[in-house]
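*Asks:* The lines below spell out each chain.
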Amino acid sequence: MQLLELSAIDMVAALRQGDITAVQCATAFLDRIEATNGSINAFLAVDRAGALERAADIDARRRAGKPVGALAGLPVALKDVLCTADMPTTCASRMLAGFRPPYDADVVARLRAADAVFVGKTNMDEFAMGGSNENSAFGPVRNPWDLARAPGGSSGGSAACVAADMAPVAIGSDTGGSIRQPAGLCGITGLKPTYGRVSRRGLIAFASSLDQIGPMARGAADCALIMETIAGHDPGDATSLDVAVPRYTDLLDKPLAGVRIGRVPEHYAEGLDPEVAKGVEEAFAVLKAAGATIHEVRLPHAKYGIPTYYLIAPCEASSNLARYDGAHYGHRSSVGHRGSGKAGSAFESPLVEMYCRSRAEGFGPEVKRRVMLGTYALSAGYYDAYYAKALRVRRLIRQDYLDAFQSVDLIGGPVSATPAFKLGEKTDDPLAMYLVDLYTVGTNLAGVGGISFPCGFTKSGLPIGFQLQAPALGEPLLLQAADRFQRLTDWHRRRPRPTEARS
Amino acid sequence: MSTSSQALSDEDVAKVALLARLALSEAEIARMTGELSKIVGFVSMLGEVDTSSVAPLAHPLDTQNIFRDDLPTPSLTTAEALQAAPRHDGECFLVPAVLGESGAA
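For the record, the sequence lines run as chains A and B.
Heads up: the first sequence begins at 1 in my numbering, then just goes up one per residue.
Heads up: the second sequence begins at 1001 in my numbering, then just goes up one per residue.
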């Protein structure tokens, strides 16, 4: 089998046995990125020199019989929302163009300590706000299955680079579906762990009560492998759970006998593409054949997920993004700041004028829209009606999940209502774009885990995604069920036709 | 909650833009008024949910505040903290005047 097509688990084993070297491995993926990124735009930065240097160091240590980490030599791509001290970190925003953080994110430090080899930083929607990757300030990512279509978002670069064999594994972040939806639209596997399972220190904050980091790879077994390195308590993140990390890869190979999977009628409302519905039903049939039992469960407040999310996330974003002030780091307007001297007016002082101009120049349209929406919903007179109201409905949504998990172990269903849509198809209508998160926001609002993986293809050759959700800290069962599904199907092994030739 | 299609006026949006510290052009404000009105109209559907006996949920986990011992730990040096600053003098961040009309920093 081609090196580029090896699973991460097989690659780590081949590296350990000396069948391949870390330099060979890094070179193969870097060459693939060089040949393909022009048409896909999955990477914002590629660190060829750094990756090869690191790979050579790992090979040398291994030859000398010195200790190496659990992922020694495995190439990994990082979503550009994660701080890296040795690579630029932009969040796909002009605000942070060229920014170099003074420290590594906790996840980055853990992967580094495990001797993973970072090949580069992946493209995304600006500040992780979007569902198509078209909000990147550095151009959209193209879906490897059809270059005229969006890869989904916001972790679109991470999904596309795995689908196009530019990296065996990528790290993403998921605030309302940003790992699972692009994984679904690109035909790969993506895990959004339980809130707090993976430290968010050094993840550039979007919505702090929802953000979570997770792995994206071809199969669930590879996600399990990466989770063993990135999960765990971090005293530097007050929301990080102090709970032991299981050996996820040891828990995979178990039958699904006795596992109860919920099927939610609310998932089949209007708007669900018939081909997606068919793929999802076939996935339920596979899980049933594997020994699981399927039961109807209700999530009565599911339809309020999107409005709840689109109040809470923008409110938290408006607060988090207040840090971009043109003073500490990031873009600063070069316009002269004189100030009007008039209190309450625009630019009441030179400092306020500098803030306002720097932020207007640095942020793109969707980021401005969400900061404005959040500022409005938090402002005097509207706080109770919008923000506090959304927090109350959030409790009802979470209670729906707690109730459902009384009678089932997992909840299954579609990850997106449609397969990948065309670039430009939804960009004129912000609200239509928000609706792409329909099946994914509930997981984040409830703080539980979810995994998405391919369960078929449309007649036109686009991947269809299936989603499983589990109670808090149910990652072992999510990974076990997805892995079992993938031992019985080959959807996750399918590859887009060579992308170089199709641009 | 208002459910009218034009929930916000241009004046509302201009006021919010100042609160959000965003210098928006008149054209941007006009567009934002339409877009935000549509979005606010949509999210106002939460008004139909009876939450009179439901407490707000700010955080999905049951964890409480976590405190650490008040001990010094390594942190960024001044040079590291200033490394990405648009303007600094080696010790402090430099910004335009906070009050008044002058200040060229």
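Derived from the structure by calculation, the hints contain no laboratory data.
Yeah, the Cβ is synthetic: ideal placement off N, Cα and C, and Gly gets one too.
There's no promise every hint is true.
[To be verified] Cut-off 30 angstroms, straight-line C-alpha distance, at most; resulting in silico cross-link-like pairs (BS3-like, lysine-lysine): (1) A/K278 x A/K254; (2) A/K278 x A/K426; (3) A/K303 x A/K254; (4) A/K422 x B/K1038; (5) A/K426 x B/K1038; (6) A/K278 x A/K288; (7) A/K459 x A/K426; (8) A/K288 x B/K1038; (9) A/K288 x A/K459; (10) A/K303 x A/K288; (11) B/K1038 x A/K303; (12) A/K288 x A/K426.
[As the list claims (entries may be wrong)] One-sided and incomplete, this derived list gives chain B residues near chain A with beta-carbon spacing under 8 angstroms: (13) L1019; (14) A1020; (15) L1036; (16) S1037; (17) F1042; (18) P1056; (19) L1061; (20) L1071; (21) A1085; (22) V1095.
[What the hints assert, rightly or not] Taking beta-carbon pairs under 8 angstroms as the criterion, some of the chain A residues facing chain B (in silico): (23) V68; (24) A97; (25) R100; (26) A238; (27) L311; (28) L351; (29) T375; (30) G447.
*Asks:* If a hint holds in the structure, say so; if it doesn't, say that too.
*Replies:* Status of each hint after checking the structure:
1. A/K278 x A/K254: The given pair, whose Cα atoms are some 27 angstroms apart, holds under the 30 angstroms limit.
2. A/K278 x A/K426: Given pair A/K278, A/K426 holds - Cα atoms ~24 angstroms apart, limit 30 angstroms.
3. A/K303 x A/K254: Roughly 35 angstroms between the alpha carbons, so the hint for A/K303 and A/K254 is violated.
4. A/K422 x B/K1038: The hint holds at about 23 angstroms.
5. A/K426 x B/K1038: 15 angstroms, holds
6. A/K278 x A/K288: Measuring from Cα to Cα gives roughly 15 angstroms; hence the hint holds.
7. A/K459 x A/K426: Between A/K459 and A/K426 the Cα gap is close to 22 angstroms, so the pair holds against 30 angstroms.
8. A/K288 x B/K1038: 43 angstroms, violated
9. A/K288 x A/K459: Judged against 30 angstroms, a Cα distance of about 25 angstroms means the pair holds.
10. A/K303 x A/K288: 27 angstroms, holds
11. B/K1038 x A/K303: 18 angstroms, holds
12. A/K288 x A/K426: Distance ~36 angstroms between A/K288 and A/K426 Cα, so the pair is violated.
13. L1019: 5 angstroms, holds
14. A1020: With Cβ-Cβ at 4 angstroms, under 8 angstroms, it holds.
15. L1036: 6 angstroms, holds
16. S1037: Violated, about 11 angstroms.
17. F1042: 6 angstroms, holds
18. P1056: With Cβ-Cβ at 3 angstroms, under 8 angstroms, it holds.
19. L1061: 6 angstroms, holds
20. L1071: Violated - the Cβ of B/L1071 stays beyond 8 angstroms from chain A, reaching only about 11 angstroms at its closest.
21. A1085: Given a least distance of 6 angstroms, the restraint on B/A1085 holds.
22. V1095: With a closest approach of 5 angstroms, the B/V1095 hint holds.
23. V68: 26 angstroms, violated
24. A97: Since chain B brings no Cβ nearer than about 11 angstroms to A/A97, farther than 8 angstroms, the hint is violated.
25. R100: Holds, about 7 angstroms.
26. A238: 5 angstroms, holds
27. L311: 5 angstroms, holds
28. L351: Holds - the Cβ of A/L351 comes within 8 angstroms of chain B, reaching about 5 angstroms at its closest.
29. T375: 4 angstroms, holds
30. G447: This hint holds: A/G447 lies near chain B, its Cβ roughly 2 angstroms from the closest one there, short of 8 angstroms.
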